[in-house]
Amino acid sequence: MSQFDLSKLPQGSKGFMHDWASDQRAFKGVPWGKAMMWIFLLSDTFIFSCFLIALMTARASTTVDWPYPSEVFGLTVFGTSVPLLLIAIMTFVLITSSGTMAIAVKYGYEKNRKLCGWFLLATAIGGLTFVGMQAFEWSKLIFHDGVRPWGNPFGAEQFGAFFFMVTGFHGTHVSIGVIFLFIFSRKVFRGDFDTGRRGYFTSMKSDYEAIEILGLYWHFVDLVWVFIFAFFYLW
Amino acid sequence: MGNDKKQEVHTHKLGIYLWIWGLLFVFSFFSYMVDYMNYQGLLRWSLIVFFMLAKAGFIMAIFMHLYWERWAIVNVLLWPMTAIGVFIGIMAAEAYYTFFTRMFYFVVGG
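Going down the list, the sequences are from chains A and P.
Those letters in the first sequence? Residues 1 to 235, per the working numbering, in order.
Those letters in the second sequence? Residues 1 to 110, per the working numbering, in order.
Among these hints, one or two may not hold up.
[Said to hold, decoys possible] With the C-beta cut set under 8 angstroms, the calculated list includes, among others, these residues of chain A facing chain P:
{"no.": "1", "residue": "21"}
{"no.": "2", "residue": "26"}
{"no.": "3", "residue": "36"}
{"no.": "4", "residue": "51"}
{"no.": "5", "residue": "56"}
{"no.": "6", "residue": "57"}
{"no.": "7", "residue": "60"}
{"no.": "8", "residue": "61"}
{"no.": "9", "residue": "63"}
{"no.": "10", "residue": "70"}
{"no.": "11", "residue": "79"}
{"no.": "12", "residue": "83"}
{"no.": "13", "residue": "95"}
{"no.": "14", "residue": "109"}
{"no.": "15", "residue": "230"}
Please keep in mind that the hints were generated in silico from the structure rather than gathered at the bench.
Where a beta carbon is used, it is the ideal one built from N, C-alpha and C, also for glycine.
All chains, full assembly: derive it from the sequences and hints.
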């Protein structure tokens with residue numbers, strides 16, 4: 001990273017041409033781990049897009065009424081039914097964990113070990129809360145409403161298959177993120193990135209850049225939820 | 001690796017993250033209100049898409065630091081999205097055609 005003085009390189013579209021025409025490396029000032037995480041996220045974007053585009057195709061081509069998510073996911077609180085209440089709370093929890101993650105990355109780069117660790121831990125707990133509420137939502141739909149991938153009491157049969165695939169795939173991403181958040185908050189608290197302690201699996205030294213890479217993944221999970229919330233729950 | 005990478009470190013003021021965080025809350029609240037107020041039709045869809053894109057834009061630009069990255073990587077990440085746009089268009093046309101043929105054969109018969 002240090003061999004490039006980024007402020008001396010051309011910026012904007014000229015910089016784009018310069019970096020891609022150079023014979024060294026295209027992504028100047030971007031650590032390889034971050035570039036690889038971005039490219040992984042790009043491929044993951046395509047997977048989630050395929051799910052959501054398939055949802056659009058099924059929903060637009062069926063002649064049967066599509067279940068109305070506002071009612072399917074409504075909750076009754078103190079005798080009044082509130083539409084999409086649980087989903088709204090889940091959305092706010094995930095955004096909050098995204099905010100704490102952004103702050104953890106900031107404190108990581110400032111080498112503030114303790115604050116970085118605490119905000120990572122808060123992010124992990126937010127993610128865990130999200131997964132817990134999703135488990136509640138799934139069990140309510142499966143055991144109470146009798147939704148199955150091949151049918152449901154509300155309307156078009158494809159609804160269940162898409163619900164389990166889309167939210168299940170996203171929930172898997174969240175769960176994997178939570179595991180890594182716990183692992184990395186432990187690494188930060190232990191001071192691995194300050195003392196240059198080698199990783200258990202990789203046997204390599206790392207530094208606070210790893211927190212930004214983990215942050216990219218976590219923000220992506222939040223980003224995907226933005227689209228699922230819009231296209232599956234609100235549309 | 002190690003100590004020689006001080007120069008391109010992304011440290012921004014805490015305030016910008018808190019601002020964006022607050023904005024995301026506001027946008028989420030409004031997109032939830034679209035459902036709560038039971039808006040329908042074109043109004044509903046345009047509001048949903050607007051708040052969705054606003055939230056996605058702020059998360060990518062600020063939280064994921066894309067605003068501060070060089071164009072070499074920003075272009076690599078954003079241009080492939082146009083393929084998704086094309087795919088949406090193709091599959092929308094396909095879905096409406098399927099719907100039309102289903103209605104035609106259900107109503108008129110084979």
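Each hint, compared with the structure:
The restraint placing residue 21/A at the interface with chain P is violated, with a minimum CB-CB distance near 10 angstroms, outside the 8 angstroms limit. Taking 8 angstroms as the C-beta contact cut-off toward chain P, the hint placing residue 26/A at the interface holds, the least distance being around 5 angstroms. For residue 36/A, the interface hint is violated, the least distance from its beta-carbon to any beta-carbon of chain P being 12 angstroms, above 8 angstroms. A least Cβ separation of about 12 angstroms between residue 51/A and chain P goes past the 8 angstroms threshold, and the interface hint is therefore violated.
Annotation: residue 56/A was flagged as interfacial toward chain P, and the flag holds, the nearest CB pair being 6 angstroms apart, inside 8 angstroms. Given hint, residue 57/A at the interface with chain P, holds; its Cβ is 4 angstroms from that chain's nearest Cβ, closer than 8 angstroms. A cut of 8 angstroms between beta carbons decides the hint on residue 60/A: the least distance to chain P is about 4 angstroms, and the hint holds. Checking residue 61/A against chain P: minimum C-beta separation of about 4 angstroms stays under 8 angstroms; hint holds.
Checking residue 63/A against chain P: minimum C-beta separation of about 5 angstroms stays under 8 angstroms; hint holds. The beta carbon of residue 70/A comes within 5 angstroms of a beta carbon in chain P, closer than 8 angstroms, and the hint placing it at the interface holds. A hinted interface residue such as residue 79/A counts as satisfied when its beta carbon comes closer than 8 angstroms to some beta carbon of chain P; here the least separation is about 18 angstroms, so the hint is violated. Using the Cβ-Cβ criterion of 8 angstroms, the hint placing residue 83/A at the interface with chain P is satisfied: the shortest such distance is roughly 6 angstroms.
Satisfaction of the interface hint for residue 95/A is found here, the shortest Cβ-Cβ separation to chain P being roughly 5 angstroms, below the 8 angstroms cut-off. Restraint check, residue 109/A versus chain P: the minimum CB separation of about 5 angstroms is within 8 angstroms; hint holds. For the restraint placing residue 230/A at the interface with chain P, the shortest Cβ-Cβ distance is roughly 4 angstroms, inside the 8 angstroms limit, so the hint holds.
Checked against the numbered hints listed earlier, the structure breaks hints 1, 3, 4, 11; every other hint is satisfied.
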